[in-house]
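Given the coordinates of chain H, work out where chain Z should sit on it, guided by the hints.
Protein chains in written order, with my numbering: chain H, 535 to 1016; chain Z, 47 to 357.
Think of the hints as simulated: they come from the structure by calculation, not from any bench.
Beta carbons: idealized from backbone N, C-alpha and C, even for Gly.
A couple of the hints might just be wrong.
Unchecked claim - Label-pair ranges, simulated between beta-carbon atoms:
| hint | chain 1 | residue 1 | chain 2 | residue 2 | range |
| --- | --- | --- | --- | --- | --- |
| 1 | Z | R290 | H | G784 | 22 to 30 Å |
| 2 | H | F570 | Z | G190 | 33 to 41 Å |
| 3 | H | N797 | Z | E305 | 45 to 53 Å |
| 4 | Z | R121 | H | Q739 | 39 to 47 Å |
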Amino acid sequence: MNSSLLFENYPLPEGIWDEMYASGDVRAPYRSIYEFLQSIPPDELNKKEELARRLFMSQGITFTVYSSGEGIEKIFPFDIIPRIVTAAEWDFIERGIKQRLKALNLFLKDVYHDQFIIKDGVVPADLIYSCPHYIREMMGVNVPHDIYVHIAGIDLIRDHDGTFYILEDNLRTPSGVSYMIENREITKRIFPDLIPQNHVRPVNQYPTILHKNLVALSPRPVANPTVVLLTPGMYNSAYFEHTTLARLMGVELVEGRDLVVENHIVYMKTTNGLQQVDVIYRRVDDDYLDPLVFNPASELGVSGILSAYRKGNVAIVNAIGNGVADDKAIYVYVPEMIKYYLNEEPLLKNVPTYQLKNPDESKHVLDNITKMVVKKTNGSGGYGMLMGHEASDQEIADYKKEILKDPRQFIAQPVISLSSAPCYINGKARPRRLDLRPFALCGPSGIEIVPGGLTRVALKEGSLVVNSSQGGGSKDTWVLSV
Amino acid sequence: MLSRVADSLFWMSRYIERTDGIMRMLKIHYASSQDDTHDFAWRPVLKIFSFLDEAEMARLEGNSREVLRFMVVDRENPNSVLNMVTKSRENARAVQDHITKEVWQCLNEFYHIVRDEKLERALKYEDPITVLDSLIRQGMLYYGTTEITMARGEGMCFMNIGKYLERAIQSADILQVNFSDLHLEADKMTDPSYWKYFLMSISGYELYLKNYRSGFETKNILDQIIFNINFPRSIHYSIQQMHRYFERLKNERNLDQFEKIHFQIGKLRSAVQFSNVDMTLNEGLPNYLGRIHNDLYSIGNALNKQYFAYT
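One chain only, chain Z, in its complex shape:
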């Protein structure tokens, strides 16, 4: 496979994963904002997904509709759904001969939907949940279509590596933002509706109820999002999947480059696998998450250097 093609497939997939994450966050945070008795703060969302300065953030954070507009259709925001989908589709367009026609059409339609002026109007005047749901469904259509139609070859491996790398990064970032701000909003810790929405935003609510019987506790939430191997958005699960798809890339012609990255991913996987919440809290959560975050980024960089470099 061409290095350029591998690069495009990786990013096509990563951008959609990020889009999906953003949209789920927006949906649940919006829903949560409707429950709030005091001003709902969009700050954690804006902190993870935008590059706004303090003043801009202060201007936006209290206005739900404005945040939604900024996060979904703003052309200047590089992390807006519109720009993410555009980038994903641009990557797809450059590798049309390596994805199925169905996958291409799915992303192409998604692109036309997010660029339609109707979307901005709908976000402004209609029920945002309905609007976001329809966009999320478009993303799920992509996941299903790739799952059903794509050949299980090298291309699919690069797509999955991109997907799970992005997912692991997002889960780490979400925890970082939500828990590092805790001391500022101590009352949130006792506010079950906040944690309910938080878990729902990453589709982890039902699993949490089944696993942990004692209501919402920081330790349990961390356990699920970092360590629970059955939770598809947990860091452990994501790294395990990334590891699995990366191992399929091994062949005699690329042993050197393969071994380097394999070592990195394996090391990170062990670090998560043979660890637990108590050890994490002893080390200090921000430290621990920061380490994971950095390791994930250096895996991304190594992939870029070893597999995608074509100039």
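The following block holds chain H by itself, in its conformation from the complex:
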């Protein structure tokens, strides 16, 4: 069989930016991988796909789904064809994200201290106080180096003309970075030599940078502070990521039950008694962190941890209360924040967003609902969304009722088409829609973004939802150095 059939009849969707094709021609950065893939016999590509699957499985890069009392190991689907970001595109993304994060950090400090931005009327006070992730207990708390967002996973998408837009700011406990690292490792295995030949920038420095930043936050001036990664435990779907990061950084992976607070100091329970903990990289949400302050039923957290934090005896990463900055209703104001705090024009654009609490915007949305995506302001994982263009009349009617109950909880955005890229599907390259989540790390020495990220892809034909919980997969993301 002729291998050049791989890209045969590649259906170029109209009005969509395809990462590989521009009006029938292969874009320059993709030419090398395009030719390489064409040169491989089709059954070899199937073998590579199988090898990737086996590597994920045997290395335990899996999450467990529990059904009828038994755990079944699942793989986050991986598409073998890499996604490419050019050096110029990356340069722009990097500058845009740094600018945005700088402003968001200043915003969080401001919101939890002087609130100039509210007093100056840039962001309405009611929007802040009605946000469920605004944490009153954080008022006036000084965090180390004034850094709130140590790790951000900002989602980018591309419109029909290739323009990058910010879709969401994930500033709480963004996940997926282990897939950035592992996808690259898998690509090295299935496509030998391809990475150096294409001048792809490495991503494996991520754990080192993160660890350096965590150590720098230690409240105790000791040479070797105790840094821990707090996980909700092995039943969490991101548990693989927690173990990977702990291993790669050489820090202790702890659960809430391993920690105890005495006299506003956090300790872990070891075989040699209690050992003081200095820095906690937590992958447990605010709500579950401290049963004394937040959800009292939580068994994932540690009683008294917030008081230890407020007293500055322990550093917590990301800071508590960050949710007020990545709330989808606050998102609308981020471009304003950039102007307000930095006196700069935003580099990366927001997707136009309507707030349903405003009557005229609400009317516009409801009148044009088939062209809109409506989301909950504090939702995530692709749950609770209404995709207007594919919803039934009944679904729309039901959703409208929900909106009217509490309009503050909803925003709407015009359906953005999302760019497509070739995926290897049943022996053929087929376009599927994708987004990009680079991971930015803020430390005392500034913001660093590892050149790469998690490319999530909607593996269902025509689908715009890339979330792993909704049939999404991922790709290795290549940032080229030239």
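Chain Z only, in chain H's frame:
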């Protein structure tokens, strides 16, 4: 080291040791069953490694394939190889940052192998020895991988304590079951092939031939399995190793808890070291083995209380 982590490492290792023991027993008992002129009884194996009631045991004991299925892949049997490996791997999964990537992958692969439907089919239709051999090799891969890759720290100590505690318990239990039933099957005593298989099941056959020239005698078999310090499955050797790794846990911060358990292990070690087969038989074998069994369990409980308690 976190108490929870120490606990998981201890059990990760214990479960694999038990799995290894079970698989070796199954292999040799199966081989022995093919030699038997009369119905081969799986009862001793089922007695040590399952919690079946009398009726269930009677139903299973004459059917080798059914016993193998039950002992290897049965999901309801808590001591099946499948469940042991699953538990070991669950413990490993919770402490991935304390074991090497190689050890984790080894247990993870083992887990995927025992859960593969192919295994159940193979046990049913293929040569059980080949199937069990491949599983045993997977276990040996784990032993080798830990030996080569694991850091010689606290974690390795807890793994070894778990391993040798489990091994000592198993050796004591195997003797208990095989020798307490003796009066029921007196002819087995004179049946060299039974003892040959018995020794082979615990990898002690070659050593026995080298040490004891007079054929199979109860006294010699007991001597090897309880007292021979060069036999890696003997109770004496296992306790000595446990003692050795436990002593490495000593430091100023945990002297109290250390001393308590150290006393227990040391006492048991002396009781085995300064004893012999004649003294054992004078006391009565079931009594003697029962005492060792209980002492081993109370060491396990003390470890749990002093080192692993994290709630």
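Quick rundown of the hints versus the structure:
Range check, R290/Z to G784/H: Cβ separation about 28 Å, and the 22 to 30 Å hint holds. Taken as a hint, the range 33 to 41 Å holds for the pair F570/H and G190/Z, whose Cβ atoms sit roughly 39 Å apart. Between N797/H and E305/Z the Cβ separation comes to about 29 Å, which falls outside the hinted range of 45 to 53 Å. The supplied range of 39 to 47 Å is met by R121/Z and Q739/H, whose beta-carbon atoms lie about 44 Å from each other.
Checked against the numbered hints given earlier, the structure breaks only hint 3 and satisfies all the rest.
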